[in-house]
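4 protein chains.
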Amino acid sequence: MDVGFIGLGTMGRAMAANLLKAAHHVRVWNRSQEPVRALAGQGATACTSPTEAFQAGVVISMLADDAAVRRVLSEDVLANAPRSAIHVNMATISVALAKELAQVHAEHGLHYVAAPVFGRPDVAEAAKLNIVAAGEPRTLDHVAPLFEAMGQKTWRMGEEPYRANVVKLAGNFMLGCAIEAMAEACAMAQAHDVAPADVLEMLTNSLFSSPVYKGYGGLIAEERYEPALFKLALALKDVRLALAAGEHGRVPMPFASVLRDNLLEAIAQGDGDKDFAALARVASRRAKLTER
Amino acid sequence: MDVGFIGLGTMGRAMAANLLKAAHHVRVWNRSQEPVRALAGQGATACTSPTEAFQAGVVISMLADDAAVRRVLSEDVLANAPRSAIHVNMATISVALAKELAQVHAEHGLHYVAAPVFGRPDVAEAAKLNIVAAGEPRTLDHVAPLFEAMGQKTWRMGEEPYRANVVKLAGNFMLGCAIEAMAEACAMAQAHDVAPADVLEMLTNSLFSSPVYKGYGGLIAEERYEPALFKLALALKDVRLALAAGEHGRVPMPFASVLRDNLLEAIAQGDGDKDFAALARVASRRAKLTER
Amino acid sequence: MDVGFIGLGTMGRAMAANLLKAAHHVRVWNRSQEPVRALAGQGATACTSPTEAFQAGVVISMLADDAAVRRVLSEDVLANAPRSAIHVNMATISVALAKELAQVHAEHGLHYVAAPVFGRPDVAEAAKLNIVAAGEPRTLDHVAPLFEAMGQKTWRMGEEPYRANVVKLAGNFMLGCAIEAMAEACAMAQAHDVAPADVLEMLTNSLFSSPVYKGYGGLIAEERYEPALFKLALALKDVRLALAAGEHGRVPMPFASVLRDNLLEAIAQGDGDKDFAALARVASRRAKLTER
Amino acid sequence: MDVGFIGLGTMGRAMAANLLKAAHHVRVWNRSQEPVRALAGQGATACTSPTEAFQAGVVISMLADDAAVRRVLSEDVLANAPRSAIHVNMATISVALAKELAQVHAEHGLHYVAAPVFGRPDVAEAAKLNIVAAGEPRTLDHVAPLFEAMGQKTWRMGEEPYRANVVKLAGNFMLGCAIEAMAEACAMAQAHDVAPADVLEMLTNSLFSSPVYKGYGGLIAEERYEPALFKLALALKDVRLALAAGEHGRVPMPFASVLRDNLLEAIAQGDGDKDFAALARVASRRAKLTER
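Chains as they are written, first to last, in the numbering used here: chain A, 2 to 293; chain B, 2 to 293; chain C, 2 to 293; chain D, 2 to 293.
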């Protein structure tokens, strides 16, 4: 398939590379040129503007946040896109922007799909992402081969694109909760001289034997917070989006509030560039466990 | 093996029955007589006092809470136990009482093992409990056949018995956190017209594909809170024990505090006898989702 | 003094009226015409645009929120203002916008003062506002007669205008905390059959004998939440601004997080148009006290 | 009046001294002898047991906590008290113990009054305590002269003694909330380079011009946390009692939960012996303000 790819950060470049491996023709655009050159070396066509990438008729975007989406996918770009082009937005954005984009694309006669993903860069490279997709069924069918090249499974969430974003935010929020729960449990255990590794070894191989608990539990047990696969400061962004979605729906989310407060503390203490798992250091620091 | 069994609630009777099935000789005692008679019908020997049960030389107790342990396993009972008898306490009790019991048993020349379990009554019946055990290695070796008859796996946590209790409290606290996280995520999603069942179907079959999330997630998705396998009011007891263990170690546990507040609300609203999963109704009620 | 006044909501019209009473010449502008006509009847000069109001050389604005400030005080208005004009912004706005406005005004050669106020409409009418002002000392001196006509006291907070906004947000946050503290205390008391009125009568006439506690405590004791002098939904806006200021400074504010969650619940339950004091209904509803 | 006084800590000795000054005959008992000797030097009669103090017919107790009350005012002491003796318990104890004591005294034919006080040791010395009293009106009338000698005002809360304890716990909880609110507000301000002293100067002399805010606000502004007039570790005890009263009444108290967590952090960080106002250091430390 002929496909444009906009946004070649750590995630985007891995995903675009997998499209190339699956023999799709990929036209890539990115603000900085280095990843464009790298992918061109793997067979992609370099574009000089988002508009050029849209000429493929199907375009995937994987941008950092709401602001980047607004900046790159401007009214202008959408107005100049080929009629009936399909835009698959795989970034984690706000529910509010998701709703707005659905409308704006419709006004321009474009098809819009939201397809945020679960998985860190290593998972993206292995083409094992979990893709949560929402949009018109026919459009989803059309882009299914692209998802297959990038992920292990696609979960359809209905016609309205924002629905996929809701599920993505719910998932990242629950991920944060899992980390905080392990952090508090480990701090409590450690204060009684029981090693976090022992607690987590038991629990993440029985009741909590899921990828999130095993993965992040392992990082916490080993206090291995660098290099960051999912930066703590970016995780705050996602918790903020979950809180905003809750606020918009007038839903109190006390766990999300605790996460927000603790992530702010982590950043204030200098851990913003460490892995999301470094949130565990907050519980430990508050109880002064490291110095006992 | 000749073994006494004290405390035949829903959990205890299932565990004692499995000991009988494994051809152990079991002497049972319980405050009320009905479960004693039932197990006698399956081959157990009925005892008229805890002291009598201790004559087996190895005794398991599975009592409701700290108060019941203090009441049933009085100084008197311990003083009259056979020298070098082994007491395996499988109940969920406080870390403070666990430490106290270790000392008291030592003073009476008795061996004390803490072996709290993870698993609801159906799991106990299926002999699939996860048993967390701590005590002298030789004593643990000695009672290993009993654990094998009741559980799928025994996790050793060291010599000091209270260590097993710490892990048990950590686990039940993390279980509560998982329910609350799903509850808030679902309330947020529902406020945006995304069905909790859709959110949970996706997440508990991918990132969160562990027994706790699948089990409780299923109950939440179906709003199936009765009959209770783990009563919400009892879950509050366990959260309180985790908070107490944290307080003793001077560890702030903001998630545990939220759990406590929300469980109180659930009980005030009449859900104390429903399943722990009914905690999810708090997030939903606060946002008035049911009436939207 | 010749002064423009932009924004004639409940607060603004009372403040402008007091300027007229103090014999200042007031040029008023508002989006809707009714309050303009009313003040013209009291001697004010009606303006047809914000730009016209700026011709006075000194202009006060009292707009609803950040969005209204951006909309009304556009680049255009500032560019057309007389050179060296003074703009006194008395609204409660974000710290971020306050910093931005200081810079934008400087770029246009205008003097900018932030002077948010404490006091509800009845206090504004009585010219008893507490005014928190920050800006160049000479400019503050110049507008001091205006403050004297509207308030009981002006508190200077330094040269940088945003400093006054920080204090205003701190104050409104503390006000919310006072209400929530009374709410929880009263709910606890009521659950033990002690009337909230008795608790508050004692405490707000001794340890907590300050205007905030007496005023809001009285509303809570009498459950008198309508008519709203300070609408609960607007209070959420201010708590959000405090949280944003905290987030910008990487400061965890767990009390503010609780306020936010509880205000969302209040709004979800239909109390958004009631007085801020109706926050007390949340604690009471969660414990189901009204139906006991 | 002939009156016994049991418990001569910092508060008790100041209160007993004021009774002496008001020409009452005071029989004093304390576990340690130093304060007994000091008061004997001021005219008191030293007792060798609580029972002896009860011989006065009216006895005031001012003990540290629930445990001390149970230990000192044993069944034995109450059984040996003169028939119809009056016991005025001025300590801060749990609502549960207050209810239990009312019943136990009744069974022994004794009159029981709960009269906890607001005020730190300096206030006790100045005989300016606020006394919250509950009990039979005739008994309260009888002991009124004693209250007059110790306090500035007595607030009657009804017949059932525990009602006074509810109000006392509500008040101390609200005090903690006031400190935490100031702490978070100041941390937010400080992160924007606005001095806490400036914020508090303004707010505690206007909206929050009450003794609690002025007193504790002053300590926070000056970071003067030693010597402690009300030790932080003791404040945790009172917050715990408020939480217990809430839990008993099934009342969620999220502010109290935050207080508990933050007080635990303060103690873990070594501030347990500092003044309650040192709670403010938690907000500051979490945001790493001191090192910015």
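Some clues are possibly wrong.
[As the list claims (entries may be wrong)] Capping the alpha-carbon separation at 35 angstroms, the derived lysine-lysine pairs in DSBU-like fashion look like this:
{"hint": "1", "chain 1": "D", "residue 1": "Lys238", "chain 2": "B", "residue 2": "Lys100"}
{"hint": "2", "chain 1": "A", "residue 1": "Lys100", "chain 2": "C", "residue 2": "Lys215"}
{"hint": "3", "chain 1": "C", "residue 1": "Lys215", "chain 2": "D", "residue 2": "Lys215"}
{"hint": "4", "chain 1": "D", "residue 1": "Lys232", "chain 2": "B", "residue 2": "Lys238"}
{"hint": "5", "chain 1": "D", "residue 1": "Lys215", "chain 2": "C", "residue 2": "Lys154"}
{"hint": "6", "chain 1": "A", "residue 1": "Lys238", "chain 2": "B", "residue 2": "Lys215"}
{"hint": "7", "chain 1": "D", "residue 1": "Lys154", "chain 2": "C", "residue 2": "Lys129"}
{"hint": "8", "chain 1": "D", "residue 1": "Lys100", "chain 2": "C", "residue 2": "Lys154"}
{"hint": "9", "chain 1": "C", "residue 1": "Lys232", "chain 2": "D", "residue 2": "Lys215"}
{"hint": "10", "chain 1": "A", "residue 1": "Lys238", "chain 2": "B", "residue 2": "Lys154"}
{"hint": "11", "chain 1": "A", "residue 1": "Lys154", "chain 2": "A", "residue 2": "Lys22"}
{"hint": "12", "chain 1": "D", "residue 1": "Lys215", "chain 2": "B", "residue 2": "Lys232"}
{"hint": "13", "chain 1": "A", "residue 1": "Lys215", "chain 2": "B", "residue 2": "Lys100"}
{"hint": "14", "chain 1": "C", "residue 1": "Lys129", "chain 2": "A", "residue 2": "Lys238"}
{"hint": "15", "chain 1": "B", "residue 1": "Lys215", "chain 2": "A", "residue 2": "Lys129"}
{"hint": "16", "chain 1": "A", "residue 1": "Lys129", "chain 2": "B", "residue 2": "Lys289"}
{"hint": "17", "chain 1": "D", "residue 1": "Lys215", "chain 2": "C", "residue 2": "Lys238"}
{"hint": "18", "chain 1": "C", "residue 1": "Lys100", "chain 2": "D", "residue 2": "Lys289"}
{"hint": "19", "chain 1": "D", "residue 1": "Lys100", "chain 2": "C", "residue 2": "Lys215"}
{"hint": "20", "chain 1": "A", "residue 1": "Lys232", "chain 2": "C", "residue 2": "Lys238"}
{"hint": "21", "chain 1": "A", "residue 1": "Lys232", "chain 2": "C", "residue 2": "Lys100"}
{"hint": "22", "chain 1": "A", "residue 1": "Lys215", "chain 2": "B", "residue 2": "Lys154"}
{"hint": "23", "chain 1": "D", "residue 1": "Lys154", "chain 2": "A", "residue 2": "Lys289"}
{"hint": "24", "chain 1": "B", "residue 1": "Lys238", "chain 2": "D", "residue 2": "Lys100"}
{"hint": "25", "chain 1": "A", "residue 1": "Lys232", "chain 2": "B", "residue 2": "Lys129"}
{"hint": "26", "chain 1": "B", "residue 1": "Lys289", "chain 2": "A", "residue 2": "Lys100"}
{"hint": "27", "chain 1": "D", "residue 1": "Lys289", "chain 2": "A", "residue 2": "Lys289"}
{"hint": "28", "chain 1": "B", "residue 1": "Lys232", "chain 2": "D", "residue 2": "Lys154"}
{"hint": "29", "chain 1": "B", "residue 1": "Lys129", "chain 2": "A", "residue 2": "Lys154"}
{"hint": "30", "chain 1": "D", "residue 1": "Lys238", "chain 2": "C", "residue 2": "Lys215"}
{"hint": "31", "chain 1": "A", "residue 1": "Lys289", "chain 2": "A", "residue 2": "Lys129"}
{"hint": "32", "chain 1": "B", "residue 1": "Lys100", "chain 2": "A", "residue 2": "Lys289"}
{"hint": "33", "chain 1": "D", "residue 1": "Lys232", "chain 2": "C", "residue 2": "Lys215"}
{"hint": "34", "chain 1": "C", "residue 1": "Lys238", "chain 2": "D", "residue 2": "Lys289"}
{"hint": "35", "chain 1": "C", "residue 1": "Lys289", "chain 2": "C", "residue 2": "Lys129"}
{"hint": "36", "chain 1": "D", "residue 1": "Lys215", "chain 2": "A", "residue 2": "Lys238"}
If you are wondering where the hints come from, they were derived from the structure by calculation, not from laboratory data.
A quick look at each hint next to the structure:
1. D:Lys238 to B:Lys100: Given that 35 angstroms is the threshold and the Cα spacing comes to 23 angstroms, the pair holds.
2. A:Lys100 to C:Lys215: 45 angstroms, violated
3. C:Lys215 to D:Lys215: With Cα atoms ~16 angstroms apart, Lys215 of chain C and Lys215 of chain D stay inside 35 angstroms; holds.
4. D:Lys232 to B:Lys238: 30 angstroms, holds
5. D:Lys215 to C:Lys154: Holds. Lys215 of chain D to Lys154 of chain C sits at ~18 angstroms (cutoff 35 angstroms).
6. A:Lys238 to B:Lys215: 28 angstroms, holds
7. D:Lys154 to C:Lys129: Between Lys154 of chain D and Lys129 of chain C the Cα gap is close to 31 angstroms, so the pair holds against 35 angstroms.
8. D:Lys100 to C:Lys154: Since the Cα atoms of Lys100 of chain D and Lys154 of chain C sit roughly 49 angstroms apart, the hinted pair is violated (cutoff 35 angstroms).
9. C:Lys232 to D:Lys215: Answer holds: Lys232 of chain C to Lys215 of chain D is near 28 angstroms, not above 35 angstroms.
10. A:Lys238 to B:Lys154: Judged against 35 angstroms, a Cα distance of about 40 angstroms means the pair is violated.
11. A:Lys154 to A:Lys22: Holds, at about 18 angstroms.
12. D:Lys215 to B:Lys232: Since the Cα atoms of Lys215 of chain D and Lys232 of chain B sit roughly 47 angstroms apart, the hinted pair is violated (cutoff 35 angstroms).
13. A:Lys215 to B:Lys100: It holds: about 30 angstroms lies between the C-alpha atoms, which stays within 35 angstroms.
14. C:Lys129 to A:Lys238: Measuring from Cα to Cα gives roughly 42 angstroms; hence the hint is violated.
15. B:Lys215 to A:Lys129: Judged against 35 angstroms, a Cα distance of about 21 angstroms means the pair holds.
16. A:Lys129 to B:Lys289: 38 angstroms, violated
17. D:Lys215 to C:Lys238: OK: Lys215 of chain D and Lys238 of chain C at ~28 angstroms, within 35 angstroms.
18. C:Lys100 to D:Lys289: 23 angstroms, holds
19. D:Lys100 to C:Lys215: Roughly 30 angstroms separates the two Cα atoms, so the pair holds.
20. A:Lys232 to C:Lys238: 30 angstroms, holds
21. A:Lys232 to C:Lys100: 29 angstroms, holds
22. A:Lys215 to B:Lys154: 18 angstroms, holds
23. D:Lys154 to A:Lys289: 43 angstroms, violated
24. B:Lys238 to D:Lys100: Holds, because 23 angstroms separates the two Cα atoms, which is no more than 35 angstroms.
25. A:Lys232 to B:Lys129: Status violated; Cα separation ~39 angstroms.
26. B:Lys289 to A:Lys100: 23 angstroms, holds
27. D:Lys289 to A:Lys289: 14 angstroms, holds
28. B:Lys232 to D:Lys154: Answer violated: Lys232 of chain B to Lys154 of chain D is near 48 angstroms, above 35 angstroms.
29. B:Lys129 to A:Lys154: 31 angstroms, holds
30. D:Lys238 to C:Lys215: Since the Cα atoms of Lys238 of chain D and Lys215 of chain C sit roughly 28 angstroms apart, the hinted pair holds (cutoff 35 angstroms).
31. A:Lys289 to A:Lys129: Answer violated: Lys289 of chain A to Lys129 of chain A is near 39 angstroms, above 35 angstroms.
32. B:Lys100 to A:Lys289: Given pair Lys100 of chain B, Lys289 of chain A holds - Cα atoms ~23 angstroms apart, limit 35 angstroms.
33. D:Lys232 to C:Lys215: Cα-Cα ~28 angstroms, so holds.
34. C:Lys238 to D:Lys289: Answer holds: Lys238 of chain C to Lys289 of chain D is near 27 angstroms, not above 35 angstroms.
35. C:Lys289 to C:Lys129: 39 angstroms, violated
36. D:Lys215 to A:Lys238: With Cα atoms ~38 angstroms apart, Lys215 of chain D and Lys238 of chain A exceed 35 angstroms; violated.
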